[in-house]
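Take a look at the letters that make up each chain.
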Amino acid sequence: MGLKEDVQNTLGELALDFLECQGDLSVTVPKDKIVEVLTKLRDNLGFNFLSDVFGVDNSVFYEKLAKAKAKKKKGEEDKEEEPQGPPPPRFEVVYLLLSLETNKRLAVKIQVPEDDLVVDSVTCLWKAADWPERETFDMFGIRFKGHHNLKRLLMWDEFPAHPLRKDYPLEGQGEERILEYND
Amino acid sequence: MAFQAYGGEGWLLTKLEQLINWGRKRSPWPLPYGTACCGIEMMAALASGYDLARFGAERPSFSPRQADVLIQAGTITKKMVPIFKRIYDQMAEPKWVISMGACACSGGVFRTYSTLQGIDLVVPVDVYVPGCPPRPEGLIYALIKIMEKIEKDHPLRKKAAEIGIGG
Amino acid sequence: MNWVIAIIKVVFIWTWCLLWATVMTWAERRGSAMIQDRLGPNRAGPFGLFQPIADGIKLFTKEEFRPKTARKILFNLGPILFAIPAFSAYAVIPFGDKIVIGGKEILLQVADVNIGFLYVLAIGALAVYGIVVGGWGSNNKYSILGGLRSTAQLISYEVPWGLALLAAVFVYGTFDLRQIALEQTGTFLGFLPNWGVFKQPLGFLIFTVAAYAEANRVPFDLPEAESEIVAGYHTEYGGMRLGLYLFGEYVNLYTLSALCVTLYFGAWNLPYIDMSKFLGPISYGIASFVVFWLKVMVFLLSFIWVRWTVPRFRYDQVMRLGWKTLIPLALFNLLITALFIQLTV
Amino acid sequence: MMSGFECIALYLAMSVIAVLGMYIISVLLGPLRPKPNKQTPYECGVPLLDPSNKRYDVKYYVVGVLFLVFDLETVLIYPLASRFKEFAHYGWGAFFEVFIFVAILIAGLIYAIARGAIEWD
Amino acid sequence: MDIYFWIFAVIGVAAGIFTISYKDALPCALGLLTVFMSLAALYVHLHAPLVAIFQVAIYAGAILILVVFVIMLLMTPDEDQMGRQKNIGFRIMGFLLGLLMMCYLAIGAKGIDQLVHQEKLPKGFGDPHIFGDLLFRQYLLHFEVASVLLLVALIGGVYLAKKRL
Amino acid sequence: MEVRRPTIEDWDNPGDLVTINIGPSHPAMHGTLRVIAQTDGETIVSAEPEIGYLHRGVEKLGEHLTYHQFIPITDRLNYCSAIANNVSYEMAVEKLMGIKVPEKAQVIRMIMMELARIADHIVCIGILGVDLGAFTPFFYLFIQREEIYEIFEWYNGARLTNTFGRIGGVEADLPEDFEERWRKLLPNLKKAIDETDKLLTHNRIWMDRTIGVTAFSPEDALSWGFTGPCLRACGVKRDLRKDEPYCFYDQVDFEIPVGKHGDVFDRYIVRMIEMEESIKIIDQAIKIYKEFPPDAPLMAKVPKIIKPPVGEVYSAIEAPNGELGFWIKSDGSDKPYRIKIRPPCYMVYQAFPELVQGEMIADLIACLSSLNIIAGELDR
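Residue numbers (my numbering), protein chains in the order written: chain R, 1 to 183; chain S, 1 to 167; chain H, 1 to 345; chain U, 1 to 121; chain Y, 1 to 165; chain P, 1 to 380.
None of these hints come from the bench; they were simulated from the model.
A quick note: this is a predicted structure, and the numbers were derived from the prediction, not measured.
One or more of the hints may lead you astray.
Claimed, not checked - Quick list of in silico lysine-lysine cross-link-like pairs, DSS-like style, CA-CA up to 27 Å: (1) R/K4 to P/K242; (2) P/K184 to P/K287; (3) R/K104 to P/K260; (4) R/K151 to R/K4; (5) U/K85 to S/K85; (6) S/K85 to S/K149.
Stated by the list, open to error - Anything over 10 Å on all C-beta distances counts as not near chain P; from chain R, calculated: (7) D32; (8) D43; (9) G46; (10) K64; (11) A70; (12) P89; (13) N103; (14) V118; (15) D130; (16) P160.
Every residue, glycine too, gets a C-beta built ideally from N, C-alpha and C.
Chain R with its partners taken away, still in its complex shape (with noise of 0.2 Å):
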């Protein structure tokens, strides 16, 4: 009885995608209904510690791996990933779990794409949520509906852009903050 057939179970329709690396497991469920599965997580499978919650910019992510596998498996025929409809959503925000019971962890992944960067907060779940919900709104630009203080963390408040993005360059773009007198 592996992790992956409790979520599964728990879940039903919701869990859309697992990932198993190294033995963890990330499960993607729709974005709407996060709080639903957090909710149904938490309470059914006891992973009642929200660890972190951050976001992941993937539009680098998808060229790479096409090209990886272009230049990987020339000519040999892709049985589903082929690229193919609309591309992925940009984003992707992880909410990692932990169990503090039978001390397993598990990622809970959401795609966010950038035409809607809407999320529900899970703050009415965890208040572990908090800060780390306000830092992706500060690195990606993602917006938590139902955050009560939902405003730039890390970044000052002026700040034009999202840094972590991965158009964003690694040096800036010259921003500097501005000095609030002249001497």
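Since the structure of chain R is already known, use the hints to place chains S, H, U, Y and P on it.
Then chains S, H, U, Y and P, alone, in the frame of chain R:
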């Protein structure tokens, strides 16, 4: 005419200036502005093993009015710049700045969107201490350098020039 | 002739107080270093003895500016109002018995007045103004908060302080500090030195605690609690204005220690030994002076020792200690003293 | 003969002169380079959030009232205290006088404590 | 030694005028402090050191501190700059009341000059011991009543403040 | 212990509240933290922490550096215990690549991490003392901390930012006289801890200042995502060294101290006991270490250029401050696609408004110091 002596190269004046410089040299109260890793090394320098207090740099004063040497230990981010600048501005004259650590000197390894690439972009720096982080000995050496610099100062002559007498 | 002697005494004891206040800053730094396994300042002069001088020169030549938002009159007056009472409180406290030079008896005390005791009390009460005015005049939140805290603390501890001293007056029956000192010769109950501390143990305890609070020393240093309100009421002060505050505090310490020695530790009297019996008039004068000074030193060192040993109180704890513990204790001490005197006479 | 009070006056005058002297010397010696930024109030480096001359807690005021009462009491007993030893010879009158006086104030103190005048939270 | 009188009288009066004329409230309180101190000096000059000390300890050391507290606590930023009451009626009334007070003082002080100009003061004049004697013998009731008064003051103060607490 | 939590509605006239800005350049704010507190007299009505003053873009930087190059950057996260950061990151990469680290290297890591834990707790307790006005323990403890740093320095040349270990193991064996050095340090370290204990723990003022101050319930703590000593002080017995053992923690015998009320005193005590437990762990680890032959391998077989397969892993260890986790997403290239660091004190610090509400200004300082907020890992 009486001011001539005040502004001139009098023996008394030089001795007085030496006295003032000695006082300033022996009592450089630091304003520890430790933001990151270097702050921990600065604490180590203030603690027993290295004991910055030997040089009179005891009584770290966080009020900029009371401090003489601003020890900037650690990264200054762009978010911090106005605050740091204001703290420096609020320090009473005479004041000196030690830039401790690679981050403070040049931004260090953090060549990123949010890090200021060296505090000398916003405030004048007297002594740079390289290292990531520098050892406490580095800070002590910087303090000694500051002392040497103080010794070369001409406080009374400057004051005289300021109020418009003498040279 | 009298004028000359008076002026010499005034100048001497004034500079003496200031000198020891200065030396105290050195002793505090070196003492703290000793306690903390460090060396402490040792570059300025031998053993860093000139460190206070260097600090003084530095402070004198530091920029004296006033923040724009500060209230001009109050900001400038603050340090002066703090320093003057601190510097002038010593006027009535003796610093030795008497010295006979050329058949002329000179009391080792600036002013021997019959209300000397109350003078110290009254002048001590005035130190509050310097802090309030400085803190309020700086117009800075830390300063105002520090000033308010400090004022509340100082006036709260003035009550137990005054009450403890009152009990001592019950015992000695005079306000004349010299008279009080003279009463502490001989022995008490046959074997103890006839010192105030044995007659007023509780009073001494209350006095000491309140003295720490009056001097703004750890554990009562929260008016300038460095980690909370930066530097308290003197946050905005630099240069000699700050120097006056710092100096004033150390002079206060000297005065408080001297008062404590005079009241509770037999002033210049040594236990069981009457120095005047076997010493010449001049050497007796000097000996009494030295004994008194040494006793004061012990107290000053205890101030340093305590400072580097205990953490500081929180504000409400200070108030609670003052009003709920010290004042009831002091009142109790007063009644017990009165009862004891009533029963013994 | 110089009376004690004249000595005190001399001492006071010395303090006043010395303090003022220190002050003036310091103002004369130090450099003075005021700048707009330097003269802003210190607020940990950030601009003022709200003005500092606001109303502060009324509890400090209560301490002031209590202090006034107790200070007055102390001062009132002082003249009596110096004569207490002599009065004690004549019987218990002086003791009871002090006792009643102090007892009334203890009652006041108990009232103040009970009402939470010096509670800080 | 009338020079003392004149020095402190002038200081006192000047500080008094400063007190009633300056705009900001806290410097006014300091002016009042100066008045108290010069009054104390005058008491010393009148061979009443105990009264002088009481003047400093009670008026300057306790009452004025309360006044300063009240100024600090109750003065909002606007009032700080507002200045004095502009109403002319109050001014006239204040002036009249002041005049009345002066008259009363003048009547009360009628016999004082004889006392001061006595060649020989009574023995032990101004001595704390005499004061204690008087307090114990003649004014015993007043002394005890004072304690009750203080109690009332304390309860009143706590009560008034407690309303806000 | 009743916990008062008055809110802003309890104040009849919010206009009388005084806003006090504490930090960033403030003695108790470690240089980079800032709290805007609304106070009524001495009582805090609300406190709002503002962070980001040391945000150096570490996560963004990680996407532009190779896996090896990122190790020195992890030093600068929690600079009080850099080794724990290094190891945590290395373990995450090793997990991603499926590398098994030689056992001897694991023991060395363990010894070094526990030394780093002691050093970290020393800083925390020393600063807590300084912020509460007790200066002397700081100096006593820092002398011993210097000694620990000497061991680090003598192992790999750096005092603070060690860049300890490599992906797949450690680069060097412990020097021969390591045990000797440790035995020499041990009595002094124990004495310093003991003296701190004597100076503080049963000091009446210290107890008054810390007991019951900013008490926190375990439910709240878990909801806020507390880990490490702050969580254990609340009474939750959770320690990754026991719960998800890594290295040789399942083979050594040590206790996990837990508090009761989650107040400042409990956090202090938990850290004090943890230092002693760390000493115990090091003693046992040295025993395990000695069982290995001197020429036992220290590095697993790791390619020169690390190119982990596509995937994402999360790996966490018990850093001195709590659960320090690295979530790494790889796209198959030599640079990580995304590195997310889960710093322990980030989660702890976000509960700060709730912790200090209704307490006094002095308690705010005590609470902040006891949480051991390290700006480097807080802001990244």
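Okay, the hints, checked on the actual structure:
1. R/K4 to P/K242: holds (25 Å)
2. P/K184 to P/K287: Cα-Cα ~17 Å, so holds.
3. R/K104 to P/K260: holds (26 Å)
4. R/K151 to R/K4: violated (36 Å)
5. U/K85 to S/K85: violated (67 Å)
6. S/K85 to S/K149: holds (22 Å)
7. D32: holds (23 Å)
8. D43: Consistent with the label, R/D43 stays out of reach of chain P, its closest Cβ about 14 Å off (over 10 Å).
9. G46: holds (12 Å)
10. K64: violated (5 Å)
11. A70: Holds, since 13 Å exceeds 10 Å.
12. P89: holds (15 Å)
13. N103: violated (5 Å)
14. V118: Label holds. Min Cβ-Cβ 21 Å, cutoff 10 Å.
15. D130: violated (5 Å)
16. P160: Label holds. Min Cβ-Cβ 15 Å, cutoff 10 Å.
Hint compliance for this structure: hints 4, 5, 10, 13 and 15 are not met, and every other hint is.
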